[in-house]
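A.B. asks: Here's the letter readout for the chains.
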Amino acid sequence: MTLINRSLVTIDDLSNGEMEATFALADEMSADIKEQFGLCKGKIMASLFFEPSTRTRMSFEAAMHRLGGSVISSFEANATSFAKGESIADMAKVVGHYADIIVIRHPWEGAARVVADYAGIPVINAGDGGHQHPTQTLCDLYTIKQDKGTIKGLKIALWGDLKYGRTVHSLIFALAKFGADILFYPSPGLEVPEHVVKKLIKEYGGKLTHYKSADPAAKDEVSNLDAIYVTPNSPHQLAMMPNVNLQVELASGVDALYVTRAQKERFTAGEGLANRYPVVDKKLLQGKEFKKTLVMHPLPRVDELAYELDADPRARYFEQAARGVPVRMALLAQSLGAKEMPVKDEEALPRPDYPLHRQTFGIKCANPKCVSIQPTEQKYIKPLFRIVDHDPLTMRCVYCEHGFEPRFIASTEWHEGKVEFKKYHRADSYLVKKIRPEHLLVFNSEEEAEALGFKPSHYSHE
Amino acid sequence: MTLINRSLVTIDDLSNGEMEATFALADEMSADIKEQFGLCKGKIMASLFFEPSTRTRMSFEAAMHRLGGSVISSFEANATSFAKGESIADMAKVVGHYADIIVIRHPWEGAARVVADYAGIPVINAGDGGHQHPTQTLCDLYTIKQDKGTIKGLKIALWGDLKYGRTVHSLIFALAKFGADILFYPSPGLEVPEHVVKKLIKEYGGKLTHYKSADPAAKDEVSNLDAIYVTPNSPHQLAMMPNVNLQVELASGVDALYVTRAQKERFTAGEGLANRYPVVDKKLLQGKEFKKTLVMHPLPRVDELAYELDADPRARYFEQAARGVPVRMALLAQSLGAKEMPVKDEEALPRPDYPLHRQTFGIKCANPKCVSIQPTEQKYIKPLFRIVDHDPLTMRCVYCEHGFEPRFIASTEWHEGKVEFKKYHRADSYLVKKIRPEHLLVFNSEEEAEALGFKPSHYSHE
Amino acid sequence: MTLINRSLVTIDDLSNGEMEATFALADEMSADIKEQFGLCKGKIMASLFFEPSTRTRMSFEAAMHRLGGSVISSFEANATSFAKGESIADMAKVVGHYADIIVIRHPWEGAARVVADYAGIPVINAGDGGHQHPTQTLCDLYTIKQDKGTIKGLKIALWGDLKYGRTVHSLIFALAKFGADILFYPSPGLEVPEHVVKKLIKEYGGKLTHYKSADPAAKDEVSNLDAIYVTPNSPHQLAMMPNVNLQVELASGVDALYVTRAQKERFTAGEGLANRYPVVDKKLLQGKEFKKTLVMHPLPRVDELAYELDADPRARYFEQAARGVPVRMALLAQSLGAKEMPVKDEEALPRPDYPLHRQTFGIKCANPKCVSIQPTEQKYIKPLFRIVDHDPLTMRCVYCEHGFEPRFIASTEWHEGKVEFKKYHRADSYLVKKIRPEHLLVFNSEEEAEALGFKPSHYSHE
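Residue numbers (this note's numbering), protein chains in the order written: chain A, 136 to 597; chain B, 136 to 597; chain C, 136 to 597.
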């Protein structure tokens, strides 16, 4: 399979083999960057940035220019004035006629999915709210791989805002796919979202282990390791986490420490930094477990990463940024069909094939930043979920990938117009497995079900 | 005549033959878009957008890139911060030294005219307030022509905001020039401005017919045809409108329905939507008169055009947008001298040659959005009008093309310094035809005339 | 010495010979602009504008496109939203990996110096607050030279806002280097900053002469020549200003009058225009001393330069703007190594080699707009000064070049940990010359010195 004409919305859109092929092409392009000029001559990249960005946008535009292509660019401080109330699907269709490829950043989660669905040309997600930022992840992996030779079996620590950092969310899944172990050091209140952890456990066969801090008084300090998630070192089966304690776990050393800034622009109203945001500096990194640790950061940094580290031989954050150009050149050249790379397709884990559930009334995605619930987008998007689990019943939004567990269910098959048959049940009823996805109705509360004319079944309180 | 080095400010700047030649070149360019790369190599297009826009700007920039040219681009949410109080004439002169062609969008009506007057290079109007948007009109006509083969004799309905929609204003005159019949379906309060209707009747030989709704209770509903304007099917003479009723008129079918959104950003303070803005959906289009109707829209749409029509075979709005690239390529290539097309010059109607009137004191253009009355521009622009009628005396601003009828007149020839000769007359006096344009003085009120030292003549109350 | 890979932060970065070589190359490029296309093929210019600008940015971008190069561009109304709290050093390092050359405009004085220090690629200052704008100066000099053949010995008058006009500050030093005489006509309250005048006298061997107006009542009127600064016509020695009066001085004619607008966006709170800002119009220029005066303006103008002069044969301001393209092409081509010009290195004045003083605690630069005192930049920048004089002791900030005179001094050598030795002295003490720059400590007040543990010496009140 080649990348030609394919979109990159989440990191799951690329197999391990395709990522490796992209890194190989990035190597080739770095080796003689001048040689690549002309590869994409006559092609147009539309660069649509609905959130402030310098780094990512300029990196993509530089990549396209290095390939000899052209760029049409749009960037504004806020999405509203940009669009005069237009839906992003309309925008996508129109720009799809102007350009050969679209790069989009948007504050709504799932926006890049919608653009990819409607544009008719390949679309690259350059960040959609707190959801994903897959090309940053490619730069991150490429940087690690250049130093360590492989990703598999490495111990990678993620530090800081693990809740809103979209780069972190993309990275977690990619690390899991490649079989790295992941250590979470969140700033208190900014832990990895539950739906991300659940997906890791369920789809990547991981195991979550919590470590209690030795010193109870220090429990809110992020510098005490709070949780470790370990992906299986041998894919296709669940790796059992050895019964080690924190000291043992760290003794073998951390291969990379990935620091992130507090994504304050995505904090909800009233949400602040409960504690001092942790700072990574020379003192923190003086332990022997950090001796060979690559210090990484997607940038921009604010205060969380001390300047004194810039000259430290372990610092890799400016290399990460620098690699944005060859990695994005490699991606663009492949999507535009200017280059084709042989792909060893050794997908680490088979992706699950969850049934789709199109909800035509009732429940919408509960994520307020999801593209599917925005007024301009509801005109054409119907809520669409995957049923990712039955015990408990768990739906995952196709757009923003947030998961939720509805409390009550019903089936469209049971009542064909006869009011006396319109019954609803608790979601943990045995019936949930008997309803086909296309017949499923879900509700968050009894009121919601009753407002739609359903009555409690005998079993609804079982 | 060729288009080389010529500006396109209003749709009147192009003859029918030139528009047809542009469509032929657009066909040629669409047929092999890659082949055009290099045509404008080394040429620079300055893209100056003083109002938010994605579509039009990106379409122009994509067109220039497809031709292998370069783009320098400037776009800001508001014009003030852009210009530090600079006049647009100064801006035009400066940018005229940087680029080979300018594309400008500006909120002031007549701004593109000023830029064309001062830049020293060809200028294309990409929308000046509510005045005109001629390249959108070319895309519209090109879309109709591709389906219907011709414009002449078609019945085209215009729907929605016919007051502020600049695309509509350009389109009306173009349709008239090509000999189409135009049906107006304005949203109540958003009717076609009177000066546009008057120009249609006077210069294009049209006839306006009002239809009373059969159902008086429905009179404010836009879905009842409110007015029909018919341009002469045989040019050069006034076509008499046959004495048909609404049903008969519609029975022969509508060839295209051109929907527009409410241009709320141009509403004056206090102006709202008196009624629900009409929505075009499948239900509305189910009558047999709409069976072969092309559904068009300049986009962006908000709520006025239902998404359910996207899959309808009559929908053409995304094609309109898509055609923006080849049409603009054809225009740019011609203006920059990269392509020359043979033109069959069969101008439908000879353009009237109205006398110019430069008003050195007193009356200014009454349109608050006219470029000529803005503080930065009054430093070098003197009010300039064409005298388009004597009965009643009607002046038309050269910049924004708004018309107005002054109530009183005088002549500079009658009083050469002698106060007792400084007399003013009513504008409907027989004297109006005796004053040469260069001697004419006009006033909106007796107070205005008297403040300037004029006294009422014996005839001023005749 | 060639310009390849060199930055242009202040006009002092270029020798006279290098400026002449750039003008010669601009001539060559103007002569056949099409011929230059392809010279910088495959090169990328990053255009980073943190302040509104159309003119300068577009001129640079046009220049790069005329050379066949590519541009990645970033421009926003305000720097804050742009950078998410990132330092400009970080930004510079990152963009340094994307592009081959950076052009930057920033409201902080000294910002371009920082970018040049960190980017790793050549950087061109396109305006840093009220500090400098060296490429505008090149356009100005080039324009004068094309008319007058030389700069040396000319009499150039500077008019208007000489306090905040960064174009004026760059120009003053360049004129001095080339041996022109400079006449200052500031608007009252907007005089040339003292640190600029001092630098002129000290480093360029000039002499300042004040002229009293003949009419005392008119003393606040700018149209009375307020001051004349004359650079030595024979370099390397101080030219004595002949004891002439204003009439005699002007009788020989003014070669160029350089008008500037009030840079209101840089006025401090409460600072307004004390008097009417002076207007240059035909009436003002009717005297015989202005008969051959080139009327210049860096544009944009607001009200200070009458439109009636546009058609005057002495007007050169649109030529200045037009020359922005070939001059910037010449600079870019040299910095990028696409062209190398022979340089007659006849530097007018040897640049002084002032000792550097790195202040590790205590005094910071007193200029509130200096890059070195901004919160995001203090994380990595330590205050850095040159000691430019000992009598009185004068420090000049390396970044913004503002000068100041500290009132008290001490030496780190005198007290090595022993509190009883920590003494401070008055800055005019004979001791100031005995302290080596690396040992110098300076204080603005006795309180400041005492807060740091220093005690007054016996000599501190001498």
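Errors might be hidden in some of the hints.
[Stated by the list, open to error] Quick list of simulated restraints, FRET-style, between CB atoms:
#1 A:Leu519 - B:Ala501: 52 to 58 angstroms
#2 B:Asp526 - C:Gly324: 55 to 61 angstroms
#3 A:Lys514 - B:Lys169: 54 to 60 angstroms
These are calculated hints, taken from the structure and not from any lab test. Here the structure is a predicted model, which is why all the values come from computation and not from measurement. Don't be surprised by glycine CBs; every beta carbon is placed ideally from N, CA and C.
A.B. asks: In ascending order, which of the hints set out earlier in this document are inconsistent with the structure?
C.D. replies: Of the numbered hints given earlier, the structure breaks just one, which is hint 3.
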